[in-house]
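*Asks:* Take a look at the letters that make up each chain.
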Amino acid sequence: MVSETNNATLVYERPESLTEMPTFYCPGCTHGTAHRLVAEVLDEMGIRETTIGVAPVGCSVFAYNYFNHDYVEAAHGRAPAMATGIKRVLPKKMVYTYQGDGDLASIGMGEIMHAAARGENITVIYLNNAIYGMTGGQMSPTTLPNMKTTSTPLGRDVEVAGYPIRMAEIISNLDAVSYVVRRSLHNPANIRKTKKAVKTAFQTQASGMGFSMVEILSSCPTNWKLSPSKSLEFIEEQMIPVYPIADFKVNPEIKNIKG
Amino acid sequence: MPAKGWIEVNEKYCKGCELCIPACPQDVLAIDQQTITSKGYHPVNLTGPGCTGCAICAVVCPDAALTVYREAKVKKTQSVASPA
Chain D
0 MVSETNNATL VYERPESLTE MPTFYCPGCT HGTAHRLVAE VLDEMGIRET TIGVAPVGCS
60 VFAYNYFNHD YVEAAHGRAP AMATGIKRVL PKKMVYTYQG DGDLASIGMG EIMHAAARGE
120 NITVIYLNNA IYGMTGGQMS PTTLPNMKTT STPLGRDVEV AGYPIRMAEI ISNLDAVSYV
180 VRRSLHNPAN IRKTKKAVKT AFQTQASGMG FSMVEILSSC PTNWKLSPSK SLEFIEEQMI
240 PVYPIADFKV NPEIKNIKG
Chain W
0 MPAKGWIEVN EKYCKGCELC IPACPQDVLA IDQQTITSKG YHPVNLTGPG CTGCAICAVV
60 CPDAALTVYR EAKVKKTQSV ASPA
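Protein chains in written order, with numbering that gives the first Met the number 0: chain D, 0 to 258; chain W, 0 to 83.
The reader is advised that the hints may include incorrect statements.
[As the list claims (entries may be wrong)] Derived EDC-like pairs: lysine to aspartate or glutamate, alpha-carbon spacing no greater than 16 angstroms straight-line:
(1) K91/D x D69/D
(2) K229/D x D31/W
(3) K11/W x E19/D
(4) K192/D x D246/D
(5) K195/D x E43/D
(6) K198/D x D174/D
(7) K11/W x E12/D
(8) K195/D x D246/D
(9) K248/D x D156/D
(10) K248/D x E168/D
(11) K38/W x D174/D
(12) K91/D x E48/D
These are calculated hints, taken from the structure and not from any lab test.
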């Protein structure tokens, strides 16, 4: 990306894979960061024009407005099923879904489990912010124990509402998946690691090795009722102990495609 | 001597979330209270010299609002070896 113009070196500019449209996300929401990382990876791999994204329902429902490549909108939770169909019909296209925890881990649980179990050659970008952001901050399947939401005003009572679902761990136990990792967006170092993981996930798909998923811990300043900076601290102090950052399944052959 | 750099803030995208301000290692970013963007936010801006063009602000920016430049003299793109 580094290029020279008139004695000035361009170090960073807005990726080409993002459109000129400003996002509707709240200030400080790391959805935008995740969008940017996906766009940067598509730019670096030079696959913007051969990529098809599948948008979910949730805050990122308008993802098709923000990405400068082909996009389709799926019914709530059904993005992996739709991606399966697209990838099978157009196997040379890069197909990925971009989903949140309310979409993927709740209503879309059936679709994601079976797409992963079949080892579909798709990539799933899964943002986990432990809350339903779009509808006003209700408890989601990944809400932390004792975390206050609008539907659990006294905190999530695990006796009544159960425990958080760790999707990356669950998916990684399926035989057919190739690459399942969890990353976070709470500081620059982890943002860079997330970008690397997103790239590896796309490379996994490009070399036909099957299902890849990156779970990304994300913030929701508005519904967590914290400032954007405090939200990042919340990820680090509260979410990471419950959702550890780790590589849960990495096909040994992935080492060979890197480089 | 540290590298010299500067950033350009695109006010169309900046929402004044302030994530870049604590992330800046040189501490040269602040909210510009005198400016209001078309969406009604106070955007971030450079407060003075000291920017090295490290682009950490751009790494944390959720809205890809920042463009980062560095003086070409310091950071060369290709290894154009100068004759000794």
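*Asks:* Given the hint that K229/D pairs with D31/W, does the C-alpha gap stay at or below 16 angstroms?
*Replies:* It is violated: about 21 angstroms lies between the C-alpha atoms, which goes past 16 angstroms.
*Asks:* Has the given pair, K11/W with E12/D, been kept, meaning a C-alpha gap of at most 16 angstroms?
*Replies:* Holds, at roughly 14 angstroms.
*Asks:* Checking one constraint from the list: CA of K195/D to CA of D246/D, max 16 angstroms. Satisfied?
*Replies:* holds, 12 angstroms
*Asks:* Please work out if K91/D and E48/D have their alpha carbons no farther apart than 16 angstroms.
*Replies:* Status holds; Cα separation ~12 angstroms.
*Asks:* Do the alpha carbons of K11/W and E19/D lie within 16 angstroms of each other, as the hint requires?
*Replies:* holds, 9 angstroms
*Asks:* CA of K198/D to CA of D174/D, is that 16 angstroms or under?
*Replies:* The hint is violated at about 22 angstroms.
*Asks:* Taking 16 angstroms as the top limit, are the C-alpha atoms of K195/D and E43/D close enough?
*Replies:* holds, 11 angstroms
*Asks:* Take the C-alpha atoms of K38/W and D174/D, compute the straight-line distance between them, and say whether it is at most 16 angstroms.
*Replies:* violated, 48 angstroms
*Asks:* Going straight from one Cα to the other, do K248/D and D156/D come out at no more than 16 angstroms?
*Replies:* Distance of about 31 angstroms is beyond 16 angstroms: violated.
*Asks:* Decide if the proposed pair is consistent with the structure: K91/D and D69/D, CA atoms, cutoff 16 angstroms inclusive.
*Replies:* holds, 14 angstroms
*Asks:* Are K192/D and D246/D close enough, with their CA atoms no more than 16 angstroms apart?
*Replies:* Status holds; Cα separation ~12 angstroms.
*Asks:* Assess, step by step, whether the Cα of K248/D is no farther than 16 angstroms from the Cα of E168/D, and give holds or violated.
*Replies:* holds, 9 angstroms
The structure fails hints 2, 6, 9, 11 (numbered hints given earlier, in ascending order).
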